[in-house]
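Colleague: Taking the hints into account, I'd like the entire structure generated from these sequences.
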Amino acid sequence: MRLINQKVSRPAGFLLAAIPFAIVIIAYVSASGARLAVNPSDKLLPSFASMAEAFWRMATQPDRRSGSLLLWADTAASLARLALGIGISALLALLLGVPIGLIPKIRGLLNAFIATFSLIPPITVLPILFIAVGLGEASKIALIIIGTAPVMTRAIALAVSELPVELLVKAQTLGASTWQIILRVVLPQIWPKLVVAIRLGLVPAWIFLISAEAIASTEGLGYRIFLVRRYLAMDVILPYVAWITLIAFLLDRALMLSSRRFFRWAHLGGGGL
Amino acid sequence: MLTIRNLEKDYGGVPVLERISLDIKEGCFCGIVGPSGCGKSTFLRILLGQEAPSRGELLLDGVPLPNEPSTERGIVFQRYSVFPHLTARENLLLAHDFEGSPFLGRAFGTRRREAERMADQLLDRTGLDPARDRYPAQLSGGMQQRLAIAQALMKRPRMLLLDEPFGALDPGVRLEMHDLLLELWREHGMTVFMVTHDISEAFKLSTRVLTFDKVRTDPQFPDAYGATVTYDLSVDGTAFPDNIEKDDPNAEAG
Ligand SMILES: Nc1ncnc2c1ncn2[C@@H]1O[C@H](COP(=O)(O)OP(=O)(O)OP(=O)(O)O)[C@@H](O)[C@H]1O
Ligand SMILES: [Mg+2]
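Residue numbers (this note's numbering), protein chains in the order written: chain A, 6 to 278; chain B, 24 to 277.
Wrong hints could be hidden among the right ones.
Said to hold, decoys possible - To give an idea of the interface, some chain A residues facing chain B are shown, with a C-beta separation under 10 Å as derived from the structure: (1) T178; (2) G180; (3) W184; (4) V200; (5) Y236; (6) W270.
The hints are simulated quantities; they were obtained by calculation from the structure and are not laboratory data.
Ideal Cβ positions, reconstructed from N, Cα and C, are used throughout, including at glycine.
Modeller: Structure follows, in structure tokens:
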């Protein structure tokens, strides 16, 4: 049978998916073991045991200077920035993207501007933000918004303009005004697209969050890994990276599942991400 | 009731429709046939107000029709006619929601109950009652088109426009849809325009069949002329001679 026709059963699928993870873990463990055998105080590839210990310490023992549990304080600070940034971006994407996608005059007014704005590399705006709004929370959240809002707006505008024109015509024959079309026809069909836009926006949002925290912050996941880098504390950095990855994964899953739950009609065709 | 005078349509200088003049009586069932690409859908979009004619006028009872879709003209497309995010019943209630509340887009109270009564009646009438709470993606093609027709009737339009509404359905389902459409047409007494590729379907359902085609062709410039109404037949076989251009198509072809 041709390779393209050989289907994978569910258990075999799990097994297949586990192989690359297993290979990486085994490679790490053996490399780490080899280095530690030569030099027990090696910091580059710490053992799983020392990483677990460091992680446990960050999670359960109050920091000597601040007295807080660093992992949870960092996580809360980063998630608050992320949520605020991506939330405002999503709101902007709706407020701008829907009119741009639906109303020709507003598209004429804003389309070129947003397309241009989205080409500015957001990180180059960071110094401007630091100068303009200072080193506080506002500049970090603003960076996330600048980095994600233009693409999310364009995604929403595109999704709106791709709604079948038949539906917009049909709504008009049923007596709908522009506002009623937005409220009852466009928005309900855009919610699942907004969830997708948020999921895609979270990828750059994490990058900008970590970057901003690395440059100017006093707490946060990004701040921590760049701080302990000075002591080559790989036993903290690696678990933090894994922790950030896990949070990003769980956020993505939660968004996907809530879309299925709340917008059932949009997932009836099967498939999807 | 509907008067079309010297209607012409061109896209970017290329004529698609030309010299169309018709008088349509109230309650007429007009079938529209013609070769693919001759402008049947374009004609229907102009009747609907989705597109403006390049020249000529459309009068409903002597008054020009508005140049955007309005409630006196219902439409059923071949696809995408119903709202995927609403259940069958919600799809029917939508029209009254629009009417009832300009800001919230949701009807309440007596208007709501009136709409629900009408929707339930139409669901029953179109055999969709068992599927009332299903989303369009959970309905078969025939059920979706029945829903689309029912939805278009909720506003009791004077004109119902259908663009190849049964083109994607299999023959058995088509026959059922024919019966349903004829019954609804008689009950509601509206004027129907239906584009179809199936000439026998047109003659079976219609009281009047319009065929569109190009009468004038220039071999050097195939796009030089648009299509017009070449035959305008009453189903008993008699023509509507007043509406046909007097020039002989064969004389110009050479
Ligand atoms: N928006 C448009 N812009 C430019 N040309 C168009 C547009 N819409 C239709 N046309 C052209 O007008 C002609 C008629 O198209 P129309 O869709 O009305 O044909 P039709 O008779 O409905 O065909 P079919 O039977 O295949 O549905 C075609 O040649 C098409 O290319
Ligand atoms: Mg067509």
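Colleague: The structure should be examined with respect to each hint, and the outcome stated for every one.
Modeller: Outcome of the hint check:
Interface hint at A/T178: satisfied, since its Cβ lies 5 Å from the closest Cβ of chain B, which is below the 10 Å cut-off. Below 10 Å, beta-carbon pairs count as interface contacts, and A/G180 has one with chain B at about 5 Å; its hint therefore holds. Among the interface hints, the one on A/W184 holds; its C-beta lies about 7 Å from the nearest C-beta in chain B, closer than the 10 Å criterion. A cut of 10 Å between beta carbons decides the hint on A/V200: the least distance to chain B is about 14 Å, and the hint is violated.
The beta carbon of A/Y236 is not positioned within 10 Å of any beta carbon in chain B (closest approach about 54 Å), and the interface hint is therefore violated. For A/W270, the suggested interface contact is upheld, since its CB lies about 4 Å from the closest CB of chain B, less than 10 Å.
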